[in-house]
Structure formats: structure tokens, C-alpha cells
Amino acid sequence: MLEKFNQLSFVIGFFFTLVALVLLIGYFLTTALAEKINLYTGVCLLVFGLVMINLKSEE
Amino acid sequence: MRLHIADYLIIFIYFVFVIAVGFIIKRRIKSSNDFLNSNRSIPLWITSLAFISANLGAQEVLGMVASGAKYGIMTVHFYWVGAIFAMIFLGVFMMPFYYGSKARSVPEYLKLRFDEKTRGLNAITFAAMTVFSSGISLFALAKLLEVILQWDFDLCIWLAAGIVMVYTFLGGLTSAVYNEVLQFFLIVLGLSPLVIVALQDAGGWEAIKAGLEPQYTHAWKYMGTAEENSMGINFISLIFGLGFVMSFGYWCTDFLVVQRAMIAKNMSAAQRTPVIAAIPKLLMPLIVVLPGVIAIALTKTAQGDDAYRIPMAASGGYDYTMTLPSLISHYYPSGLLGVGITALIASFMSGMAGNVTAFNSVFTYDIYQAYFFKNKSDRHYLLVGKWVTLFGILFSIATAYIAASFNNINDFLQLVFSFVNGPLFATFMLGMFWKRTTSDGAFWGLLGGTIAAAITHGLTIAEGKGGWIAPVYPISSGMGQAFIVASFSWLANFLITIVVSLLTKPKADEELKGLVYSLTEKVYATEKKWYLRVAPLSIILLIITILLNFLFF
Chain A
514 MLEKFNQLSF VIGFFFTLVA LVLLIGYFLT TALAEKINLY TGVCLLVFGL
564 VMINLKSEE
Chain B
2 MRLHIADYLI IFIYFVFVIA VGFIIKRRIK SSNDFLNSNR SIPLWITSLA
52 FISANLGAQE VLGMVASGAK YGIMTVHFYW VGAIFAMIFL GVFMMPFYYG
102 SKARSVPEYL KLRFDEKTRG LNAITFAAMT VFSSGISLFA LAKLLEVILQ
152 WDFDLCIWLA AGIVMVYTFL GGLTSAVYNE VLQFFLIVLG LSPLVIVALQ
202 DAGGWEAIKA GLEPQYTHAW KYMGTAEENS MGINFISLIF GLGFVMSFGY
252 WCTDFLVVQR AMIAKNMSAA QRTPVIAAIP KLLMPLIVVL PGVIAIALTK
302 TAQGDDAYRI PMAASGGYDY TMTLPSLISH YYPSGLLGVG ITALIASFMS
352 GMAGNVTAFN SVFTYDIYQA YFFKNKSDRH YLLVGKWVTL FGILFSIATA
402 YIAASFNNIN DFLQLVFSFV NGPLFATFML GMFWKRTTSD GAFWGLLGGT
452 IAAAITHGLT IAEGKGGWIA PVYPISSGMG QAFIVASFSW LANFLITIVV
502 SLLTKPKADE ELKGLVYSLT EKVYATEKKW YLRVAPLSII LLIITILLNF
552 LFF
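One line per chain: the protein sequences are A and B, in this order.
No gaps in the numbering here: position 55 of the first sequence is 568 in our numbering, and each next residue is one more.
No gaps in the numbering here: position 64 of the second sequence is 65 in our numbering, and each next residue is one more.
For reference, chain A alone in the conformation it holds in the complex:
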């Protein structure tokens, strides 16, 4: 797992997955973040993050 952090696409994917989780968890758990735009952006960032994590990029 730690070896994967040498791959930039994995680092970028991991970052956006974490940001997406903040938006999605915030959307469902707090009223301050309960806006549709947070949900849609969270889903888009999550998909992007997961694609980047699984991307076999050249390093």
C-alpha cells in the first residue's frame, strides 16, 4: 500500500477521494453542508479519485 504513494496518480486519486468523502459525509450528517451541489460535486470527485487510484500511469 505504501509503495503506491510513489505513484502520482494514486496520490492525486487519494486526495480527491478524501475531499469527496468530506463533502459526502458532511452532506448526510450536517445541515450546514446539506446542499445538493455538495452531493453532486462529492460524487464527481469520488468517481475521479477512484479512477485515478486505479489508473496504471507511467512513472
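These are calculated hints, taken from the structure and not from any lab test.
Quantities reported herein were computed from a predicted structural model and do not represent experimental measurements.
Just so it is clear, CB atoms sit at the ideal spot from N, CA and C, and this is done for glycine as well.
All clues given are correct.
Counterexamples of contact, computed for chain B against chain A with all Cβ distances above 10 Å: (1) K222; (2) G465; (3) S478; (4) L492.
Listed next, the stretches of chain A that the computed footprint assigns to chain B, with coverage defined by at least 3 CB atoms under 8 Å from CB atoms of chain B: (5) 516-525; (6) 534-546.
Based on the hints, put chain B in the right spot on chain A.
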């Protein structure tokens, strides 16, 4: 604008990641070449995105949104006239010399092609420019965060500079480049939702066109004469001043961007770096120009207290610089607000790190090694590179405080930069494509071009600036003045270089192999697939660029 804990969490995650990238890259740094040049080992997709990201600093993002609001869709000229053609020219014609000559920097190419004094002049001005640019970027970030979030100015300066210092000190150029790619995605993905919601609020593109004067939604139609458009320039000044002199001067000779292509794995990747980077550059107006056009359309049709409006400046009139922060503040709720603010911070840090890494390469190789300590060990230059990084950041902090104390320092420095950058492309163009160009011709041409820029500025006046010799020629916008100053400086450099070259002795052909077009063996593409070759890619991009210009004519 008040941030929620989720917004702070997103900003914190970003800071942790950029520093972590520094620590990850640190393990790969074994030599000065690794630290300052990335050992020419970076994959194409990373060099391409870093190439575009190095230009996606704060001045670019905030400035282009502001210009979109002020001048409308005409701002796309900075992309579809003032970038794509030059980027393709760099990839197809100039990278073979930069990469093939094995020069470690643009000033070092000048040393190989001309002589030490031309390298020295370029290295010193470039080093000064980058460190001042970095400081101005830092000042602008701290000022913005102070204004919109009421954060402490000093804290912002030291925190942002400290984070950039940690990751550039640890991982050098590679660390900066890797973070630039992360920053690129953050800026694009962080600002995309804003374009969608603001466009929806404005009623779509057709409603915007209906609500604005036609000058705002046509790129070329009102460029016939300077009086017809708000930029105050005609199409000839635009094409020559921006599309040729300023654009080629920046994209083809500024080491800050060229360095990203010079660290590619091989010649083919180095040539394709600016060409691939031109693809996102072509689409960038969607992220940085369109929001400005939407903002002015919303402002002009605003009804009710809740409607979006561009903030007013204290002196009256719109405060265009605050267009993007005000859009983020208006449309982004907590959560996404953190993403938007982080995207802004990323753009500032990207610009600053790019300047610092270009500065340490040029200072270490072209000033320190060339003039002070020539034959030291590699470890010595690695340590110097690291200390120069530290020094560059501290100098940037000092510049940021100077900028905070003197209102006009930013304008003054930007002006000096334009004097230096404007004529530079003539030196490279003649040097690469005319073997008769001599070292003395290049040096005196460069110096003469810079002086011509200062004189032109002194004789023209626009928006109260310039005219310090005599305000002989008034120009309606500062942008128009910049194009004219750049054009005259280029022309002066071009003519002086030719005249002095014809009067002085050129280098022997043997010495110029690999440095001049006519004396360099042509490299033909070896890639089997057409879409991996630089020529077909460039042709497709040129066709799309021309079509886009017609589409928004």
C-alpha cells in the same frame, strides 16, 4: 465569508498532501541533477500538466476572470491567439534545440549558442524576475485571504511560504512539478461547479448574449479599430503585439515554463509536452474567462438584494479583481467553499513554487557555478541548490512585505518584467534560425530592445501610467500600451541584432551544430501511431484553434 469546520478540513488535507509529496520525492534526490533538473526522467503526462500548471498561478486565474468581466469574451485572445500557436511552435521547432543541446536551462542555451555575457544578462534578469514574481504572488495570496476570510496577513505569508519551502526544499523541481499536477486538477475540478451553477443562474449562454452589449460576446467583430472595443487596440496590434511578440516571448523563452518540457524523458516527449499542454490550454477559458463574462452579465441584470453583483471598489466602479472570490463566496456553500478556497490557494502556491524552482536552477547553474565556483563536487551544488531554495523563499517573503508597503511596486515590477521579456524572443528566433547571428549582436540587441521598451513606455500614456519622458501618444488601455511597448522592443532587438551581427564575426559552423536550425540534423518521428507524433497533433490543434476563433467571431 465564514468557513465551516469541513472547509478547514479540506484546506488542511491539501496542506498535508503537498508536504507529503515533498517527503515522498525526497527519497529520490541523490544528486544536484535530481534536485534541479529532475534528472530528465519525468513522464509526458506529468510534464504536460506541469507545463500548463506553471502558468496557472494566481495572476492568471484571478486576472483572467477579472479580464473576462472587464473585456468580455475578447479575453480568450490570451489563449486562442496568445498561447496555442506559440506552444506549438515551441514543441515543433524550438524544443529540439533546448533539449538536443543538453543545456540545463534557457540561459545555458544562450551560453552555448552565443557567449557568457548574453547568458549572464539573461540569467540575472530572469533570476530577479522570478524571485520578485514569487513575492508578488505571496503578497496577493495573503491580501486575498485577509480581505475575504479576515485571516491574519502575516500568518498567511509565513504559512504559505513555509509550506512551499518545505516541499521544494525536500524534493526540488520534481516535488514542485508533482504538486503542480495536483494543483492543476484541484483548480479545474474546484472551479468547474462554479461555472455550471453561475451559468445556470444567468439563464444559459443565450441569455447572457441577450443581456450584454455585443462587444462582450464577440472575440473579433469589434477589433477593426481601437475605438470599437474596450481593450483599446485593433486587430493588428493584437496579432503582432500579443499573438507574436508577447506570446512567443513568454511561451518559447521563459525558463519557468520551458523547464517543464526540458525535464521530459526523451526528445519526443519534450517536443510533445507543450503540444499536449495546449489541449487543456485551449479549454481553459471555460474555467477562467467564462466566469468573468457570467459575472458581468449577472451584475447588469441583477434584481433584488440576494442577486449576485461584482463588488464595488472604494474608488468607484467595479472591483474586477474580486470577481472570482465573490462568485465563490456567493455560490459555494460550506464544504464546496473549502474546495474553492483551496483551489485559489493552490493557484498561488503553484505560481510561487514554479518561480522558486526556476530561480534555483538558474541561480545555481548560470550564476553560482558559472561565475563563482566552477569545479566543485556534485554534492556541493546539491547543497547550494537547497540553500538557494531557502534564500529564494525568504527573498520572496521580503518582496511580499515590500509590495505591501508600496502601492505601486507591483505595477513597477510588472513593467520591468515586460521590458525584459518583450524583446527576448527576437534573440532566440535569430539565434536558432539564422546562423549569421553573432554573440555581440545578441547581447546588444537584447540590451537595445530593453532600452527601446523603456523609451516607448516613457512616450506613451494609458490609464495614467507611462509618459514619464513626455506623454506624446495616449492609449486607451494599459493592455494596449503593453502590446505596443512589447512590439517596439521586439522590433528594436530584431534590427539591432541583425545590424551588429553583420558587422561582427560569427562563430564557425562546427561550433553551432545542434544549436542552429540549418546546421542541425533533422529528427523525424519514430512513433508508429500518428497520435503520438508531434506534427499531426499540432495540425489538429491549429485547426481546432482557428475554428474556435471563428465560432466566437
